[in-house]
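**Student:** If you read the sequences in order, they're chains B and W. Residue 162 in my numbering sits at position 162 of the first sequence; the count goes up by one each step and never skips. One rule links them: number in my numbering = place in the second sequence (from 1) + 1000.
It is possible that part of the hints are untrue.
Distance windows between CB atoms, simulated [what the hints assert, rightly or not]:
1. W:1122 to B:45: 50 to 58 Å
2. B:45 to W:1169: 27 to 35 Å
3. B:167 to W:1337: 50 to 58 Å
4. W:1552 to B:35: 42 to 50 Å
5. W:1191 to B:62: 33 to 41 Å
For the record, the hints were derived by calculation from the structure and aren't laboratory data. No residue lacks a Cβ here, since even glycine has one placed at the ideal position from N, Cα and C.
Single-letter residue listing:
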Amino acid sequence: MGEDKSTYTDHVISLLVFNHPGVLSKITSLITRRGFNIDSIAAGPTKEKDMFRLTIMVKGDDRSIEQIQKQLYKIVDTFKIMTIHPARKVEREIGLIKVKAPMGERNEVLQMVNVFKGSILDSSTSGFVVEITGSSDKVDSFISLFPSNQIVEVARTGIVAMDRWEKQ
Amino acid sequence: MKGARILVEALKKEGVDTLFCYNGGAVISIFDELYTHGKEINLIQPRHEQGGTHAADGYARSTGKAGVVLVTSGPGATNTVTGIATAYMDSVPLVVFTGQVSTGMIGTDAFQEADTVGITMPITKANFLVKNVDELAPTVKKAFHLATTGRPGPVVVDIPKDVQMDETEFVYPLTPDLPGYRPKDSGHPRQVKTLKKYLHEARKPVVISGGGVNSAGATELMNEFCDRYGIPVVTTLLGHGVSPQHEELNYGPIGMHGGLYGNYALQNCDLLMAFGTRFSDRIMGDPDVFAEQARIVHVDIDAAEIGKNVSVDLPIVGPISGVLEELNREESYGDYSEWVEELRTYRDKNPLEFEQSEVLKPQYLIQLAQKYFPENTIVASDVGQNQMWVAQYFHFHRGRRLLTSGGLGTMGYGLPAAIGAAVGNPDAQVLTVSGDGGFQMNMQEMATVKQYGLKVKILVLDNSCLGMVRQWQQLLFDKRYSGTCMNDNPDFGLMAKAMGIPSMKLEKVSEAEQTMKAFAESEGSMLLHAVIEGEENVVPMVPAGKPLDQVIRKM
């Protein structure tokens, strides 16, 4: 199972877990142990005070993703698992990008930031720190606009996602 | 009350009667509390923590209760790892308590510190580091509940030294606080109804009895299911013990070293009902052509097993006993007599057999053991050829009678598991069958047999090599016997004598029968050192990954 990677697609798994010591490592090591790579992971508190939500992006086919969900559900600290449906998800990621912008090239960079509705968090004579918020694709495409030697540093949150409201 | 005392009181609340334990610096205060307050708990001290953990495993498999282990931090804990992994692969309920360095010392590479929770994470159903004495009693409650319910498995509880010394009020919770843990308590009625429909439609049904049938204590229900409706049954290595009264319904072991007829039943059935098995690679051979013509129904308490290795037509997640009880309520299903006749005829033409010769044959010895040991003997096998010969030639008529490391395949399991079985079943006859390789991995535990006056019969099948690996070398590596020869084995009889256990040696076929009889009828413990044919092979054999009908009948 899982050798043919051509049928692999991105899947977003959302877990509600108890905030017990070691729970994050239990979940990530289980995913690794079963032969999957985590593309991104985001963790944060929820409205339930002793739980937090993990949003994990992994690649796999439907069957292997079902298997990994069942295995994750067996972790005693897991309270609930949801797959976020690809067609119905809303997702956001924040990327912080430190980009070189020497005098003479600054306007060009600023224009790009405007097109992407990004904001400038810091600026110096050497360049900017830019924040881009949106889907992972959006962050990817902003970064791909620049030659790699112009990007000094990138920090990304990994996506958080949830299903939209059911259509009434 | 001090944490150490709380642990002892909690064990008593759980009804623990036996503790497989090995003392050390980080658990010394728990042993001290056991000295005064744990008199009702039988302490069994092995010679190595691995032996103690396998003993707890043998105790658990043979009694159905959780096996409980207590060891010290660091090496004490790491020595239990093979035993825990063995139990995890075969879903055996264990609760392993490990000492830990004081909370303030954790992470400093202190003396005898190991990250026990980190190390055991992939091989436990759950594990806990108790950082506060107030959490101790609730954690013990959780540990026993998790180990013994749903799909059973090992649970580790790591207790730092200062937590053992800290004081709090002892309150043992009535129920475990585990909101994220909800094993199914019954199979879905609609799915069970569909299975009944399948049974009505089937002409060639077969049941696989897996380890789950044993751990659910459902062998009797399974016998009833087979006998009443005339349904043939085959068993996985861990599923031995199902034994319908009608012999023509029992087709024994399946898979790599299963009988030809068992695998024939799998490959030719039209309805395959798998109870409590995980469809391991050793059972399926080539998964693409496994039971090709059959509808596959998979009944298991663990939803994650369903669809993991094989696609199924009908999944039923729930306890096996409940599903069988429901199935057994029906007046009748189809008439399968033609199919049973087909299987019986096939078996008559293709029996399990071996060639007798002038040299002692291990299969013959297992047959003799069956003849002279009482029917309800508990047999703890080791791993390798000896294990397969036991599975093929010893018939088990009750559940929980074959103790064997199926999933992990742990050499050295047999003797300590037999010790656990003997402790848990003082009236039962206990036999362990090992090869010379596996026996030497834990033979120090003969001292434990002696210390507690246990009745364990130790049969060592000595072919002076690692037989199963040698067999693969014969088959696949042109008999280049690299790293498999053990020509300078110790004198096992002398080893036994040194540990206070009497022994016999058997080399001649002509003496086999009387020796086995004397061995079986001897009082107390005894070692029988049997020198067997060196190049005997386990057949039939389906090479790894091959379809079940591409079988080697003779090597």
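**Student:** Look at each hint and say if it fits the structure.
**Tutor:** Right, here's what the structure says about each hint:
1. W:1122 to B:45: 50 to 58 Å: violated (28 Å)
2. B:45 to W:1169: 27 to 35 Å: holds (32 Å)
3. B:167 to W:1337: 50 to 58 Å: For residue 1337 of chain W against residue 167 of chain B, whose Cβ atoms are near 56 Å apart, the range 50 to 58 Å holds.
4. W:1552 to B:35: 42 to 50 Å: Once the Cβ atoms are compared, 31 Å apart, the range 42 to 50 Å for residue 35 of chain B and residue 1552 of chain W is violated.
5. W:1191 to B:62: 33 to 41 Å: The hinted range 33 to 41 Å is violated for residue 1191 of chain W and residue 62 of chain B, with Cβ atoms some 21 Å apart.
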